[in-house]
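**Q** Residue numbers (UniProt numbering), protein chains in the order written: chain P, 1 to 96; chain G, 1 to 416.
If you're looking for bench data, these hints aren't it; they were derived computationally from the structure.
Note that CB positions come from ideal geometry on N, CA and C, so glycine has one too.
Careful, some of the hints might be misleading.
[Stated by the list, open to error] Simulated DEER-style distance windows between Cβ atoms:
(1) G/151 with P/10: 48 to 58 Å
(2) P/12 with G/22: 31 to 41 Å
(3) G/212 with P/12: 37 to 47 Å
(4) P/67 with G/54: 30 to 40 Å
(5) P/10 with G/318: 50 to 60 Å
(6) G/115 with P/5: 47 to 57 Å
(7) G/22 with P/67: 54 to 64 Å
The primary structure of each chain is shown beneath.
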Amino acid sequence: MLLIHCPHCREHREEEEFSYGGEAHIVRPLEPEALSDEEWGDYLFFRTNSRGIHHEMWYHAVGCRRYFNATRNTVTYEILETYKTGTQPTITGASA
Amino acid sequence: MKKYSAFSLLKNALSYHENWQKVWRSPTPKKEYDVIVVGGGGHGLATAYYLAKVHGITNIAVIEKGYLGGGNTARNTTIIRSNYLWDEAAQLYDLSLKLWEGLSQELNYNVMFSQRGVLNLGHNLQDMRDIERRVNANRLNGIDGEVVSPQRIKEIAPLINISRDSRYPILGASWQPRGGTARHDAVAWGYARGADALGVDLIQQTEVTGIRRKDGAVVGVETSNGFIGARKVACVTAGNSGVVAAMAGLRLPVESRPLQALVSEPVKPCLDTVVMSNAVHGYISQSDKGDLVIGAGVDSYNGYGQRGSFHVVEHTIQAICELFPAFSRVRMNRQWGGVVDTCPDACPIISKTSVQGLYFNCGWGTGGFKATPGSGYVFADTVANDRPHPLAAAFNLDRFNSGALIDEHGAAGVAH
Ligand SMILES: Cc1cc2nc3c(=O)[nH]c(=O)nc-3n(C[C@H](O)[C@H](O)[C@H](O)COP(=O)(O)OP(=O)(O)OC[C@H]3O[C@@H](n4cnc5c(N)ncnc54)[C@H](O)[C@@H]3O)c2cc1C
Ligand SMILES: [Zn+2]
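Could you put the whole structure together from the sequences, leaning on the hints where they help?
**A** And the structure:
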């Protein structure tokens, strides 16, 4: 069971209150119709799936019902930070 | 390789079973191989076996970072069936099932394949519509299957609760009599022994740390024990496939998630089939040792830690107790997790890559044990001939760019 700090509610809550939103910082292409099949497929399906530091989205489903991001180690499962959507992580693969 | 038989058992009994030959050698790696298989799970070992047996390529090494069959092969709940919805998947899984049917003889190794049948339960109207559609699709593909009533389910598994008063009453099921279970370790060991006898080098405790390329083609792998050359590199690394792909500068449409299972204390025989439910989400069978083998759902987040969250296990146990109220009195013995490589369409990737001589077989996610023989068979053919085996063609990596996905979420068993 993960204990997750919601940056909106500013509280640690149990994992069951949240749902997972997948890899963070993937920007939706502004002009999808201008993309090649290659680029569109990459955007939709291909992921870094990193072993170690991973930036990911979480949704506080039964709390404030807002999305935010987390930096989590996918091997130890330790959550290193959570931060609001639209802001950047302070911990990255290079700095950890 | 000395053949196992009743006679060899007797003969070795006379020397107190102290003189059995080693099941495989532990060779030092050569400088170069025709093919290096990365990952010594069931799929990797089957690939090496069929490369040697069917294609006559014997200058092969299987490189495994831990011990043979210690990954998901050792951690799964061993359910085998082939009742998938779409033609492409059904044909691949049924090839596998046919190979299972002769595998103990083929390998001269008892893989304890037991065709005890598999029930996939339906709990609501939509479940039942999907089940009817899937069973009809299966029969068109020559795969055995039947839609069965709650009464028939009760005959097959007498301890099950078919009361209309339960929270999610059982309305029916699909029943595949040819499905069942097998001994997970034995499958890995049987293929390992067979491959070794054909000259394949099995290299354990050696991690692949890099994939060396020259002019867009593979030339070998860096390992924790130095560089080993190879003309072809076939990666079969399940949950770690993304990590291995990154070594060649590639990305995959795969996410690695924890999948958990647990077993109870051994109890007397009480369940002689496999029962799966997608809707309440649990699946269960009884091993020959007597323990109830229970599979949980996949954790929602990416994880390489071979463990998941407790509430996922708790949820599964709720489902099992709902289906089998008598099991609420059974104590659980052990619980563990594996790292499964989930694909967006719940189907595997068996494919060449943009790097010449580099192949991937991954994305089997929560359900690849059943496919071990067929996966190895078609992948060996793909690697040997540098073109997809006809049954592997649809499982190309390109499908994620062309859009020709094969959506097996409905038949995959575990929701993810
Ligand atoms: C809890 C659980 C229950 C499951 N239940 C079922 C089921 O009932 N039915 C079913 O059909 N399937 C089931 N599965 C899925 C099934 O276990 C897998 O799809 C299948 O076993 C994959 O086999 P594999 O040989 O590809 O992978 P693995 O057995 O995981 O083998 C991959 C190997 O690659 C090695 N490796 C990784 N990276 C490297 C590296 N860099 N260098 C060298 N070696 C490396 C690993 O150590 C590992 O041994 C379940 C899985 C789990 C976790
Ligand atoms: Zn919140």
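**Q** State for each hint whether it applies.
**A** Hint-by-hint comparison with the structure:
A C-beta distance of roughly 56 Å is found between residue 151 of chain G and residue 10 of chain P, which places it inside the suggested range of 48 to 58 Å. A hinted range of 31 to 41 Å is violated for the C-beta pair residue 12 of chain P and residue 22 of chain G, which are about 53 Å apart. Taken as a hint, the range 37 to 47 Å holds for the pair residue 212 of chain G and residue 12 of chain P, whose Cβ atoms sit roughly 46 Å apart. Checking the proposed 30 to 40 Å range against residue 67 of chain P and residue 54 of chain G shows it is violated: the Cβ atoms sit about 51 Å from each other.
Residue 10 of chain P and residue 318 of chain G have their C-beta atoms about 32 Å apart, which leaves the hinted 50 to 60 Å range violated. Checked against the hint of 47 to 57 Å, the C-beta distance between residue 115 of chain G and residue 5 of chain P comes to roughly 50 Å, which is consistent with it. In this structure the supplied range 54 to 64 Å holds for residue 22 of chain G paired with residue 67 of chain P, their Cβ-Cβ distance being about 56 Å.
Of the numbered hints stated above, those contradicted by the structure are hints 2, 4 and 5, listed in ascending order.
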